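**Student:** The chain contents come next:
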Amino acid sequence: MDRRNFLKNLSMAGTATAAATSLNIAAESPKPHEFVSVLVDAKRCIGCRECEAACATQNGLPVPDTKDKSVFEDIREPTPTQWTVVNRFETENGTVFVKKQCMHCNQAACSTACLTEAMKKTEEGPVIWREGKCMGCRYCMVSCPFTIPKFEYHSANPKIQKCIFCYERLAEGEVPACVQSCPVDALQFGQRREMVQEARNRVSDNPHSYVQHIYGEDEVGGTGWLYVSPVPFDEIGFRTDLGGEPIPELTQSFLYAVPVVFLLWPVFLNAIRAKEESSALPPRDQS
Amino acid sequence: MTTSVQSGTPREWDIREFVKFVIKEAKPRGKFLTPFNMISIPIILVGAILVVIRFVFGIGSITNLSQSTPWGIWIGFDVVTGVAFAGGAYVVTFLVYILGAKQYHSIVRVTVLNGFLAYMFYAGALMLDLGRPWKIINPIIGNSFGVSSVLFLVAWHFLLYMAAEFIEFSPAIAEWLGWPRLRKIVGGLTIASVIFGITLSTLHQSGLGALFLMAKSKIHPLWFTEFIPVLFFISSIFAGLSMVIFEGSISHKVFRSRVSHEGHADHDAILLGLAKICAGVMFVYFFLKVLVLVHSQQTHLLATAWGVWFMVEVLGFVLVPGYLFFRAVRAGDVGLVKVASALALVGIILNRLNISVIAYEWYAANPYIPSWMEIEVTAAVICVEIWAFRWVVTRMPVLSDPPSWAPER
Ligand code: SF4
Ligand code: SF4
Chain A
1 MDRRNFLKNL SMAGTATAAA TSLNIAAESP KPHEFVSVLV DAKRCIGCRE CEAACATQNG
61 LPVPDTKDKS VFEDIREPTP TQWTVVNRFE TENGTVFVKK QCMHCNQAAC STACLTEAMK
121 KTEEGPVIWR EGKCMGCRYC MVSCPFTIPK FEYHSANPKI QKCIFCYERL AEGEVPACVQ
181 SCPVDALQFG QRREMVQEAR NRVSDNPHSY VQHIYGEDEV GGTGWLYVSP VPFDEIGFRT
241 DLGGEPIPEL TQSFLYAVPV VFLLWPVFLN AIRAKEESSA LPPRDQS
Chain B
1 MTTSVQSGTP REWDIREFVK FVIKEAKPRG KFLTPFNMIS IPIILVGAIL VVIRFVFGIG
61 SITNLSQSTP WGIWIGFDVV TGVAFAGGAY VVTFLVYILG AKQYHSIVRV TVLNGFLAYM
121 FYAGALMLDL GRPWKIINPI IGNSFGVSSV LFLVAWHFLL YMAAEFIEFS PAIAEWLGWP
181 RLRKIVGGLT IASVIFGITL STLHQSGLGA LFLMAKSKIH PLWFTEFIPV LFFISSIFAG
241 LSMVIFEGSI SHKVFRSRVS HEGHADHDAI LLGLAKICAG VMFVYFFLKV LVLVHSQQTH
301 LLATAWGVWF MVEVLGFVLV PGYLFFRAVR AGDVGLVKVA SALALVGIIL NRLNISVIAY
361 EWYAANPYIP SWMEIEVTAA VICVEIWAFR WVVTRMPVLS DPPSWAPER
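Chains as they are written, first to last, in our numbering: chain A, 1 to 287; chain B, 1 to 409.
In short, the hints are calculated from the structure, not lab data.
Bear in mind the structure is a predicted one, so any value in this text is a computation, not a measurement.
There may be inaccurate statements among the hints.
Heads up, simulated EDC-like pairs for lysine to aspartate or glutamate below, C-alpha to C-alpha not over 16 Å straight-line [said to hold, decoys possible]:
#1 A:Lys43 to A:Glu92
#2 B:Lys216 to A:Glu92
#3 B:Lys102 to A:Glu276
#4 B:Lys216 to A:Glu276
#5 A:Lys159 to A:Asp205
#6 B:Lys102 to A:Glu277
#7 B:Lys216 to A:Asp241
#8 A:Lys120 to A:Glu168
#9 A:Lys69 to A:Glu92
#10 B:Lys184 to B:Glu12
#11 A:Lys43 to A:Asp74
#12 B:Lys27 to B:Asp14
#13 B:Lys276 to B:Glu226
#14 B:Lys27 to B:Glu12
#15 B:Lys135 to A:Glu249
#16 B:Lys102 to B:Glu226
#17 A:Lys159 to A:Glu174
#18 A:Lys69 to A:Glu50
These stretches of chain A come out as covered by chain B in the derived footprint (C-beta under 8 Å, 3 or more residues) [what the hints assert, rightly or not]:
#19 43–54
#20 105–116
#21 228–237
For the chain B half of the interface with chain A, some residues (derived, Cβ under 8 Å), not all of them [claimed, not checked]:
#22 Ile53
#23 Ile62
#24 Ser68
#25 Asn138
#26 Leu151
#27 Ala359
#28 Asn366
#29 Pro370
Ideal Cβ placement from N, Cα and C applies to all residues, glycine included.
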């Protein structure tokens, strides 16, 4: 894929919502580009499930019947054949609908976990899965704090299935299928910095309509998908106990220790042995 | 003493003879209808059928794994627990070759053999659990190195460690083949592979624990701590030694006729010596567990059902066996050592399963319980491993004395 083109298209997609301030920040930033992002507004979402249908069509998955409202009786999780789901929550402040899919974490646990780089955080932001590399160990599933990657348990040639942020569509300069399908602008696509700014504005301009928190701004080191909500996030199925530390950092100190042990241990062991050897006479056979 | 007239006698090999020898040795020996065979053969056959089903219809066809529980007992028991049990090899080689504790020399070979087979079969059982095992080549040949992955590290260490253990064991193979030149070469590699092996073991025993660090939000806070790698490493010491004690006392009975004179004479002293180490390490481990618990400020959780379960593990199967080891050493009671080792092994199973399976997604509405088929396949893997062990032990100088031409042990 042509990266230059991708970025150009991306910034075009971004201009629609670009605030002058965020552009300034972007200009100062030494980073060449930003991750892409989607801002989900749980206040706007009407539970029409058009995004579910659009996702399925885009990715060749079975298209759900959006007229069937009975699905809302259960809280659903994404499945191997449904990368995104909309759930309904009855709260004190009324009914809230909210979409769920891969969060495309800034520092993605799944991609750090993957020993084949099948799961990959791309430079543009989407976390994608590459069939040719995956060996099906499911460590990505163990590591993901949102339990997003799904596995085809009933296939002889199983795949990991999850939202890939419509990676190919983005490369062609289009917005994700779900974003395009949303009739009420509950989903908004752009660069992450812009989306954070947009979320902040929305929340602070309407302090009575939104809780003062942007889910995904800081959680697990920040995620590509951001949420604003009219009710506290734990009431609409979000884990609020994940903290701001990126998941990959949990294994960092162990991984740093590895080369140290690897180099020092043999020297150390050999030194003890030499000492023992010299004190034990006559020399022993080494088998 | 050996059943074969030919094995162990030094000779010049020509290919034809060599093949003939191997074919002759490959044939089963001894009584066929032993109780063990009668039990293990059906288990292995059923296991084989289940494995075929698994590869045709997918992992879900015979396991109870789910989207929220991606790892079950094939990982939690076969791999995570099995590798801890196999830790005896690195500990015993450390004692003998690094510290020069010669009194344990007679158990080195059998321990290394056990370790090697455990890695081969239990870690090999990983292949059954991989959804796309044919892609395992990717992280090995290097077209996709996920170097930031702990699993990548663990996988590589498994491979390298198996090679190291094979080299450590190969003098026995050379002696069996009657091949003095080979014996000399591989004998000279022993120390290097021991040092390499201990280093690798330190890293992957702790690495298996480090795998679960990223699952912080999913593991019950009584079990999750950033010290999991350290705890895994320390517990692998007494897990491995307990296995050496437990397994050693069984094979000593079963293969009585093959045990060398030296092996017979030493056995009780060896068990007591190992028990002493176990006792010490288990107290350190227990102390660390308490320290971590206090430090994490989770003591209030002890009053919950999970807390009781936690105490069953830590008091009932760490503190108690640790104390029994201590008592047994004091009293010189070998029987008690065996009891303590069995309890310690149960404690390790509990600990590893708690972290990888039981307290993982502990809040899940419908917790994972392994299917009988998962357990069956695990049992089959263990049976095959025992067959392999028996095959080697009845042919090569493992428990028995090496042939007279080999360098003195
Ligand atoms: S939500 Fe899970 S699957 Fe998605 S990027 Fe984050 S860690 Fe990976
Ligand atoms: S299942 Fe596949 S994508 Fe997930 S960690 Fe394993 S190799 Fe990587």
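**Student:** Now look at each hint and say whether the structure bears it out.
**Tutor:** Outcome of the hint check:
1. A:Lys43 to A:Glu92: Holds, at roughly 14 Å.
2. B:Lys216 to A:Glu92: Roughly 31 Å separates the two Cα atoms, so the pair is violated.
3. B:Lys102 to A:Glu276: 11 Å, holds
4. B:Lys216 to A:Glu276: Violated - the C-alpha atoms of glutamate 276 of chain A and lysine 216 of chain B are around 42 Å apart, more than 16 Å.
5. A:Lys159 to A:Asp205: Violated, at about 44 Å.
6. B:Lys102 to A:Glu277: 12 Å, holds
7. B:Lys216 to A:Asp241: The given pair, whose Cα atoms are some 11 Å apart, holds under the 16 Å limit.
8. A:Lys120 to A:Glu168: 14 Å, holds
9. A:Lys69 to A:Glu92: 21 Å, violated
10. B:Lys184 to B:Glu12: Roughly 15 Å between the alpha carbons, so the hint for lysine 184 of chain B and glutamate 12 of chain B holds.
11. A:Lys43 to A:Asp74: 20 Å, violated
12. B:Lys27 to B:Asp14: Distance of about 21 Å is beyond 16 Å: violated.
13. B:Lys276 to B:Glu226: 29 Å, violated
14. B:Lys27 to B:Glu12: 23 Å, violated
15. B:Lys135 to A:Glu249: At roughly 27 Å apart (the allowed maximum being 16 Å), glutamate 249 of chain A and lysine 135 of chain B break the hint.
16. B:Lys102 to B:Glu226: The given pair, whose Cα atoms are some 37 Å apart, is violated under the 16 Å limit.
17. A:Lys159 to A:Glu174: Violated. Lysine 159 of chain A to glutamate 174 of chain A sits at ~26 Å, over the 16 Å cutoff.
18. A:Lys69 to A:Glu50: The hint holds at about 12 Å.
19. 43–54: violated (count 0)
20. 105–116: holds (count 6)
21. 228–237: violated (count 0)
22. Ile53: 10 Å, violated
23. Ile62: 10 Å, violated
24. Ser68: 6 Å, holds
25. Asn138: 4 Å, holds
26. Leu151: 5 Å, holds
27. Ala359: 13 Å, violated
28. Asn366: 13 Å, violated
29. Pro370: 14 Å, violated
Checked against the numbered hints given earlier, the structure breaks hints 2, 4, 5, 9, 11, 12, 13, 14, 15, 16, 17, 19, 21, 22, 23, 27, 28, 29 and satisfies all the rest.
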